[in-house]
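Trainee: This is what each chain is made of:
Protein chains: 2
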Amino acid sequence: MTSSHPRWINALTKALSLPENKGQNVFQIATVENGTPRVRTQVHRDIIYPEGCPHLPVILTTTDVRTPKVSQLTATPRAELAWWMQGSQDQFRIAGPVRIVPRPGHPAANAEGASAALKRLDEQGFDWEAKRRAVFDVMSSHMKASWCRPPPGSAMESYEDAKKWPATVPRLGEAVSEEDKKNQEQALGNFALVLLEPEEVDWVQLGVLPNQRTRFVRRDDESWTEEIIVP
Amino acid sequence: MTSSHPRWINALTKALSLPENKGQNVFQIATVENGTPRVRTQVHRDIIYPEGCPHLPVILTTTDVRTPKVSQLTATPRAELAWWMQGSQDQFRIAGPVRIVPRPGHPAANAEGASAALKRLDEQGFDWEAKRRAVFDVMSSHMKASWCRPPPGSAMESYEDAKKWPATVPRLGEAVSEEDKKNQEQALGNFALVLLEPEEVDWVQLGVLPNQRTRFVRRDDESWTEEIIVP
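Chains A and B supply the protein sequences, listed in that same order.
Just so you know, we're using this note's numbering here: the first sequence kicks off at 1 and counts up by one.
Just so you know, we're using this note's numbering here: the second sequence kicks off at 1 and counts up by one.
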């Protein structure tokens with residue numbers, strides 16, 4: 001068979017590239033915690049594919065491995081994200097299993113949902129740790145420093161306490177002082193990839209009249225069905 | 001005791017009023033469906049309070065009562081919303097019990113989480129049906145027409161089918177033709193309020209350096225605690 005990109009990912013990529021959607025590279029990702037819903041804003045970082053599998057995209061975002069979303073995703077390794085692009089009035093809702101890629105040896109690495117694309121990447125020998133380090137390294141030095149703070153969500157005495165934390169962490173290979181080396185090691189240790197493998201996509205186009213809505217479902221791990229539905 | 005607005009709602013209202021947040025009146029609301037997370041974008045419509053209770057805000061959005069979120073909220077009457085204001089780089093995550101206010105007699109009316117503010121409003125004789133009709137009536141005639149389509153999410157043959165649906169529905173009391181009356185009755189019948197009663201609020205300010213994050217929790221239905229936490 002000839003595999004190709006599902007139509008929704010072309011639509012997503014096109015919408016992202018529109019000038020009116022500039023800066024709309026964030027989505028809200030929902031998880032479950034003890035049977036109740038949780039949701040927070042995340043920055044979109046990348047879309048990756050197994051070699052020769054344009055029909056199996058994986059959406060990549062990142063986290064501090066100490067955040068509650070990681071334990072939520074360890075217990076229930078499935079998420080849905082809602083990506084609203086205000087400029088073009090497109091909404092993409094994308095649901096599927098999730099894998100966390102923490103530092104080697106961290107227990108969150110064991111948890112994941114059933115997943116065709118990630119399994120294919122594993123079979124192809126994809127180097128997850130290299131990817132984790134590469135994504136870490138392209139983050140700004142300020143962003144890197146955010147992973148060597150005390151645990152996210154833990155109590156502080158005052159907002160001023162934050163001024164004692166490292167403000168920047170250098171790129172890998174560029175730490176010179178002992179303090180930079182220590183901070184970098186801690187930041188990299190807390191840094192994790194979050195991989196959402198799309199299985200269901202609901203695309204609503206409020207920018208066209210009459211509005212359009214299309215549901216895409218991945219079947220048998222190899223192809224996508226597409227259905228026009230009522231908005 | 002003297003009750004007053006919790007600090008987070010003043011912050012939310014102020015953020016919404018900033019010119020750089022113009023149009024940021026949407027949030028993503030997460031629910032649970034059979035143990036898995038679901039999330040979609042909703043438009044913020046109003047904040048209501050029981051009389052004399054500025055500490056008990058309720059966030060109001062709307063829905064078509066035939067959407068899956070209604071059955072999800074009937075089974076698990078609790079939600080979290082994430083409200084990202086791109087301009088000022090503020091995120092408000094707001095979690096709590098939810099009530100659906102459908103047309104009188106609709107079964108979704110029976111479901112709700114434990115809820116102090118809504119209970120107070122009930123005790124004060126708040127007229128939910130009048131509120132539902134008032135919110136319906138301020139929607140545009142195009143928006144009103146969206147509730148007399150076939151059920152949201154149901155299959156269609158072609159995008160063109162949407163052209164056969166009513167394009168507008170008049171305000172209450174202004175329907176003249178039999179068709180307008182029928183459409184209005186159907187639209188109003190499918191229209192429901194969604195009320196989220198905040199119990200936990202997580203406010204992250206990425207627009208200030210160092211970043212600030214504050215957690216607010218409602219205690220004993222009467223007051224809010226406030227804690228500075230690590231972003």
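You may find that some hints are simply not true.
Copies of one chain are not kept apart here, so a pair can be met inside one copy or by any two copies together.
Stated by the list, open to error - Okay, derived cross-link-like pairs now, EDC-like style, lysine to aspartate or glutamate, Cα gap no bigger than 20 Å in a straight line:
#1 LYS164 - GLU227
#2 LYS163 - GLU227
#3 LYS163 - ASP122
#4 LYS181 - ASP127
#5 LYS119 - GLU179
#6 LYS22 - GLU129
#7 LYS163 - GLU51
#8 LYS163 - GLU200
#9 LYS163 - ASP180
#10 LYS119 - ASP221
#11 LYS22 - GLU222
#12 LYS163 - GLU129
#13 LYS131 - ASP161
#14 LYS131 - GLU160
#15 LYS22 - ASP161
#16 LYS182 - ASP127
#17 LYS22 - GLU160
Hints were generated in silico from the structure; no laboratory data involved.
Trainee: Return the numbers of the hints above that this structure violates; sort them in rising order.
Mentor: 3, 4, 5, 6, 7, 8, 11, 12, 13, 14, 15, 16 and 17
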